[in-house]
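Q: The lines below spell out each chain.
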Amino acid sequence: MSASAIVMLIVSIVVVWGGLALAILKLRGHPEVELPPESPEEHSI
Amino acid sequence: MSDQPRERWGSRAGFLLAAIGSAVGLGNIWRFPAEAYRNGGGAFMLPYLIALVTAGLPLLIMEYTIGRRYRGSAPASYLRLGRPAQFIGWWQVAICFVIATYYALILAWALRYVGFSVGQSWGDDAEGFLFGTFLQVGDTPGELGGYVGGVFWPLLAIWVTVLITLALGIRHGIETAAKIFIPLLIVFFVVLVVRALTLDGADLGLDALFTPDWDALTDGDVWVAAYGQIFFSLSVGFGIMITYASYLGRRSDLSGSALVAGFANSSFEILAGIGVFATLGFLAASSGGAVFETEGGLGLAFVAFPTIISEMPWGGFFGVLFFLSLVVAGWTSLISIMQVIVAAVQDRLRVNRVVSVAMVGTLVALVSLLLYPTNGGLYLLDAADRFINRYGIALASLISVIVVAWLLRKLPVLQRDADATSAVKLGRWWKLCLGIITPIVLGLMLIDSFAQEIDENYGDYPSSFLAWAGWGVAGGALLIGIVLSLIPWRRGAEVPPDADDEKRSA
Chain A
1 MSASAIVMLI
11 VSIVVVWGGL
21 ALAILKLRGH
31 PEVELPPESP
41 EEHSI
Chain F
46 MSDQPRERWG
56 SRAGFLLAAI
66 GSAVGLGNIW
76 RFPAEAYRNG
86 GGAFMLPYLI
96 ALVTAGLPLL
106 IMEYTIGRRY
116 RGSAPASYLR
126 LGRPAQFIGW
136 WQVAICFVIA
146 TYYALILAWA
156 LRYVGFSVGQ
166 SWGDDAEGFL
176 FGTFLQVGDT
186 PGELGGYVGG
196 VFWPLLAIWV
206 TVLITLALGI
216 RHGIETAAKI
226 FIPLLIVFFV
236 VLVVRALTLD
246 GADLGLDALF
256 TPDWDALTDG
266 DVWVAAYGQI
276 FFSLSVGFGI
286 MITYASYLGR
296 RSDLSGSALV
306 AGFANSSFEI
316 LAGIGVFATL
326 GFLAASSGGA
336 VFETEGGLGL
346 AFVAFPTIIS
356 EMPWGGFFGV
366 LFFLSLVVAG
376 WTSLISIMQV
386 IVAAVQDRLR
396 VNRVVSVAMV
406 GTLVALVSLL
416 LYPTNGGLYL
426 LDAADRFINR
436 YGIALASLIS
446 VIVVAWLLRK
456 LPVLQRDADA
466 TSAVKLGRWW
476 KLCLGIITPI
486 VLGLMLIDSF
496 AQEIDENYGD
506 YPSSFLAWAG
516 WGVAGGALLI
526 GIVLSLIPWR
536 RGAEVPPDAD
546 DEKRSA
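Line by line, the protein sequences are chains A and F.
Here the first sequence is numbered in the numbering used here, starting from 1 and rising by one per residue.
Here the second sequence is numbered in the numbering used here, starting from 46 and rising by one per residue.
Hints may be right or wrong, so weigh each one.
Said to hold, decoys possible - Straight line, CA to CA, 27 Å or less: simulated BS3-like cross-link-like pairs of lysine-lysine: (1) A/Lys26 to F/Lys470; (2) A/Lys26 to F/Lys476; (3) F/Lys224 to A/Lys26.
Hints listed in this document are in silico derivations from the structure and should not be mistaken for laboratory results.
Please construct the entire structure, taking both the sequences and the accompanying hints into account.
A: Okay, here's the thing in structure tokens:
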């Protein structure tokens, strides 16, 4: 493989799989919060 | 009549796996590698990642937020968003109807090819076997001809399994299936990629895929292709993510979930690209030909891969894994496409899930089984797929973004809703992407696509055939969407299920 192809292969994997790993970590560190119920008029059209 | 509390995902992981299962489909395996190769190789990754961040993820977050906030199927959610938007939801239901009928057909082929791989039934002519022996494709587009039993029975099996899973419900059917099949798909694909990387010539394939052509970045078509790839592979624009998110609790994280689903989809695409091109490199090394000689799509999966399977050591095992991967990836996507229709009928007619699955399933499966396992089925699939993708999904997405961002001006409300429960807060970039970048890029994509249709008939098909199988199908979906939106809902349908209802179901 050419050096440029190897670099792009590594960059692609690091960015996309790294993004996935970071997103999972961020989500795991964020417990789901309880929301107060909304008033019905917020949904009226 | 059903007034049961709305169903709910059993866990966040269950929802995420189902959403990933929907996004990861056949297009990830056979479309991404071909698009990357044709549009700059390694350099394609730059516009691809920019497209993911500026269009794919913002659209995904928008659909998640609409679904969770308005807690309904696509038509019900759009109705609650604003009455004029309702037709978009019904349009998406009609689009899903069309896609489900032919998507199942491709799964049926892949299922048959699992068996064919064991004995490598295609011999030394994979193309002749596919179009002649197996599909028995007729000469004239538009003429259905006779039935092809070898396609009908696996298609029936696909439909039976899909409908049973849907009838079991969100938690026990869709979520359980996703928890089993997505990890299985990952294992299959890791094994496939490892095997592909150990083949002679794998480096040739990877070289072809990843060597950057930086000049391609100055070509507008490459950017349009990157946005198109992100757009079609993320399952946005079908109403799927609205429907799936409508079964989330009101405290669920939306933007974090969208980031996980979006990056997981792209991670799978990269993995598929590596596996596919390493395998194609083996073929190039053994035959002395070019690495990539097909158009991608069906030719790649059902002609190029069988040819490779015949030549490689342990080819039968490789073939079984490859086609099983196609079946699993496509099956979880088909489930999500069907759920859009099932949920819409449930909401509209207030029937329970089993009744809705029986009604919808019978109709969709009947159309699929009547039209596609025939001598003319491949032509119908080809035309319908091309036109419903471009003038159905893409156009519906463009209109939905314009309606939500500009006509109804709901982005600030949706942003507040998402930010209230999400780990990643949406800044101005989100509104900028949805209000400006996404409509411009989608508009350019459609103009470019329309110019191609004017220049020459797609696939060199006769105009009369494309008029009904292509334009007719895409236009019919829009017409049905408009007509269904004119039928009034029961009183109170504009208001989502209230919090008391939620507490009961929790």
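Q: Compare the structure with each hint and give your call.
A: Here is what the structure says about each hint:
no., hint, result
1, A/Lys26 to F/Lys470, "12 Å, holds"
2, A/Lys26 to F/Lys476, "22 Å, holds"
3, F/Lys224 to A/Lys26, "21 Å, holds"
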